[in-house]
Amino acid sequence: MSRGIKFAIPGLLKGMGLTLRTMLKKAPVTMYPDVKEIPVPRARGVISLDAEACTACMLCARECPDWCIYIEGHKVEKAPSKPGGRVRTENILDRFDIDYGLCMYCGICVDVCPFDALFWSPEYEYSEMKIADLLHDQERLGEWLTTVPEPPALES
Amino acid sequence: MNAWLELGITLVVILVVVLVSALVTIYVELKAGSHMQARIGPYYAGGRWGWAQPLADGAKFLQKEDLAPAKADGPVYRLAPYVVMMSAIGMFAVIPAGPDLVGVDLALGVYFVLAISALATLGVLMAGWSSANKYSLIGGLRAAAQLIAYEIPLILAVVAVVIQAETMSLNGIVEAQMATLFTLGGMDIALPFILTGQIVGFGIFVVAAVAELSRIPFDMPIAESELTMGYLTEYSGIRFTMFFLGEYASIVGFSAVAATLFLGGYGAPFLPESLANIAGPFVLLAKVAVLVFVIIWIRFTWPRLREDQLQSLAWRWLIPIALVNVGVVATFKVVF
Chain H
1 MSRGIKFAIP GLLKGMGLTL RTMLKKAPVT MYPDVKEIPV PRARGVISLD
51 AEACTACMLC ARECPDWCIY IEGHKVEKAP SKPGGRVRTE NILDRFDIDY
101 GLCMYCGICV DVCPFDALFW SPEYEYSEMK IADLLHDQER LGEWLTTVPE
151 PPALES
Chain B
1 MNAWLELGIT LVVILVVVLV SALVTIYVEL KAGSHMQARI GPYYAGGRWG
51 WAQPLADGAK FLQKEDLAPA KADGPVYRLA PYVVMMSAIG MFAVIPAGPD
101 LVGVDLALGV YFVLAISALA TLGVLMAGWS SANKYSLIGG LRAAAQLIAY
151 EIPLILAVVA VVIQAETMSL NGIVEAQMAT LFTLGGMDIA LPFILTGQIV
201 GFGIFVVAAV AELSRIPFDM PIAESELTMG YLTEYSGIRF TMFFLGEYAS
251 IVGFSAVAAT LFLGGYGAPF LPESLANIAG PFVLLAKVAV LVFVIIWIRF
301 TWPRLREDQL QSLAWRWLIP IALVNVGVVA TFKVVF
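Those protein sequence lines, which keep their order, are chains H and B.
Just so you know, my numbering puts the end of the first sequence at 156, numbered straight through with nothing missing.
Just so you know, my numbering puts the end of the second sequence at 336, numbered straight through with nothing missing.
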């Protein structure tokens with residue numbers, strides 16, 4: 001204890017100086033509703049869906065750690081491209097919802113998508129009064145697509 | 001003047017002073033603490049600087065349900081907050097804000113202040129014991145152990161002041177600090193006790209007072225990471241508000257006592273006698289404000305001590321130093 005006190009006093013005084021200096025400085029605060037902070041371009045704000053590219057392959061829903069992606073689809077038979085060819089089946093997407101009440105913004109779905117249908121958007125203002133309203137449907141997820149920034153240029 | 005009217009005026013003034021100073025202290029703590037943590041704290045309440053935040057918090061607490069646990073000891077449980085509040089208000093009754101501006105000028109003012117402030121411990125122990133909650137009980141007993149340990153250095157620090165001032169009246173102690181020590185170039189120089197040999201005593205008094213107030217770094221009785229909220233765990237609504245206001249009023253009260261005993265109270269250098277009753281309250285207020293700010297500053301800087309470190313600091317450091325301090329002061333008093 002005696003050793004403790006002797007070593008503690010300079011540190012305690014240093015701490016007092018630090019808090020006093022911090023108090024006299026201007027607080028680095030953005031007054032949010034009045035002044036909006038501009039997030040970095042690749043910020044993980046919300047996930048948007050390009051429904052055209054989606055094949056309802058379910059990879060994102062299966063990789064999602066907290067099962068917040070709901071996908072429903074059905075298969076239709078497609079006429080063979082050449083006469084006598086095999087009949088193909090195609091997945092049609094009926095429902096694609098992301099529950100942002102559950103999402104933990106890990107981005108695994110975006111990484112795992114083999115058809116580039118999911119993108120990160122830096123938008124963050126979609127809080128709701130009811131938790132059920134945080135379930136964004138296919139249409140809402142498609143609206144976010146307009147806010148997705150251009151992808152970085154490919155390395156040559 | 002009619003004695004009853006005088007008593008009524010004194011009571012109203014003291015109540016207003018206690019409540020306003022407690023609210024102002026809460027506000028300053030919210031605001032200064034926020035800025036120390038690089039935040040801005042309350043901002044919208046009241047239109048500007050969030051000045052109405054303590055009032056809004058108080059209004060919120062008043063609306064809450066006044067709960068008591070089923071197994072609580074009802075009367076004791078309900079009485080405890082008022083004991084704490086009463087002890088905080090009682091301190092203000094004897095602190096002089098001017099030669100005539102004092103609730104009661106007791107000949108044993110110092111004794112009264114120490115006794116009434118120690119009464120808060122009883123309230124805390126009542127709250128802890130009657131809540132029928134293990135956290136409350138441990139918190140209350142920790143508070144009792146802490147306050148017993150720190151009451152001793154606190155009193156010993158005051159004893160040294162009493163020896164130097166040769167009186168136990170708070171007014172007398174202030175007058176002793178305003179007495180002329182020596183004359184320099186035709187001017188009478190008077191110095192507060194902190195500059196005439198009580199600097200160690202002042203340090204001990206402030207440390208012990210912070211511990212008496214159960215403030216960080218000595219807030220083990222309500223250590224929220226260990227004890228939820230200590231003896232406050234079961235309280236809500238108006239009774240919690242009473243504890244809360246009492247705590248902040250006590251901060252102001254202890255600061256006023258420290259200012260009176262060590263910093264010269266309502267007296268200021270070069271202040272003419274005729275102005276003492278008018279300027280006195282403001283001089284005292286300035287000194288109290290500095291001390292209150294230091295207590296808030298400490299809270300937002302230092303971490304909480306461990307229970308054994310707390311006891312060790314009191315018994316192995318503060319009490320021996322305070323005893324030596326009393327001895328040294330008494331020796332000087334006899335020799336010179």
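Derived from the structure by calculation, the hints contain no laboratory data.
Backbone N, C-alpha and C fix where the C-beta goes; we use that ideal spot for every residue, glycine too.
Heads up, some of the hints might be wrong.
One-sided and incomplete, this derived list gives chain H residues near chain B with beta-carbon spacing under 7 Å [to be verified]: (1) M23; (2) A27; (3) V29; (4) I38.
Restraint-style ranges between C-beta atoms, simulated for each label pair [said to hold, decoys possible]: (5) E273(B) / G15(H): 29 to 35 Å; (6) P39(H) / K64(B): 37 to 43 Å; (7) I163(B) / T30(H): 42 to 48 Å; (8) I163(B) / G15(H): 30 to 36 Å; (9) V35(H) / P320(B): 29 to 35 Å; (10) K64(B) / P149(H): 44 to 50 Å; (11) N2(B) / T30(H): 58 to 64 Å; (12) A3(B) / A27(H): 50 to 56 Å; (13) K25(H) / L181(B): 37 to 43 Å; (14) I40(B) / P149(H): 29 to 35 Å; (15) G15(H) / P320(B): 25 to 31 Å; (16) P303(B) / P39(H): 31 to 37 Å; (17) K64(B) / L18(H): 33 to 39 Å; (18) I40(B) / G15(H): 53 to 59 Å.
Hint check results:
Proximity of M23(H) to chain B holds as hinted, the smallest CB-CB distance being about 4 Å (cut-off 7 Å). Because the beta carbon of A27(H) sits about 5 Å from the nearest beta carbon in chain B, less than 7 Å, this interface hint is met. The interface hint given for V29(H) is met, as the beta carbon of that residue sits about 5 Å from the closest beta carbon of chain B, less than 7 Å. This hint is violated: I38(H) has a C-beta 20 Å from the nearest C-beta of chain B, more than the 7 Å allowed.
Hint check: E273(B) to G15(H), Cβ distance near 43 Å, so the stated range 29 to 35 Å is violated. Distance hint check for P39(H) and K64(B): the Cβ-Cβ separation is about 38 Å, which falls inside the suggested range of 37 to 43 Å. For the hinted restraint 42 to 48 Å between I163(B) and T30(H), the CB-CB distance of approximately 57 Å leaves it violated. In this structure, I163(B) and G15(H) meet the distance hint of 30 to 36 Å, their C-beta atoms being roughly 35 Å apart.
Under the hint 29 to 35 Å, the C-beta atoms of V35(H) and P320(B), about 56 Å apart, miss the expected range. Our hint of 44 to 50 Å for K64(B) and P149(H) holds, since their Cβ atoms are close to 47 Å apart. Look at N2(B) against T30(H): about 60 Å separates their beta carbons, and that is inside 58 to 64 Å. Remark: the range hint 50 to 56 Å for A3(B) to A27(H) is upheld by a beta-carbon distance near 53 Å.
At about 41 Å, the CB distance of K25(H) to L181(B) agrees with the hint of 37 to 43 Å. Checked against the given bound of 29 to 35 Å, the beta carbons of I40(B) and P149(H), roughly 31 Å apart, stay inside it. About 26 Å separates the C-beta atoms of G15(H) and P320(B), a value consistent with the hinted range of 25 to 31 Å. In this structure the hint that P303(B) and P39(H) lie 31 to 37 Å apart at CB holds, the actual value being about 34 Å.
For K64(B) and L18(H), the Cβ-Cβ distance of about 37 Å falls inside the hinted range of 33 to 39 Å, so the restraint holds. Taking the beta carbon of each, I40(B) and G15(H) are about 21 Å apart, not inside 53 to 59 Å as hinted.
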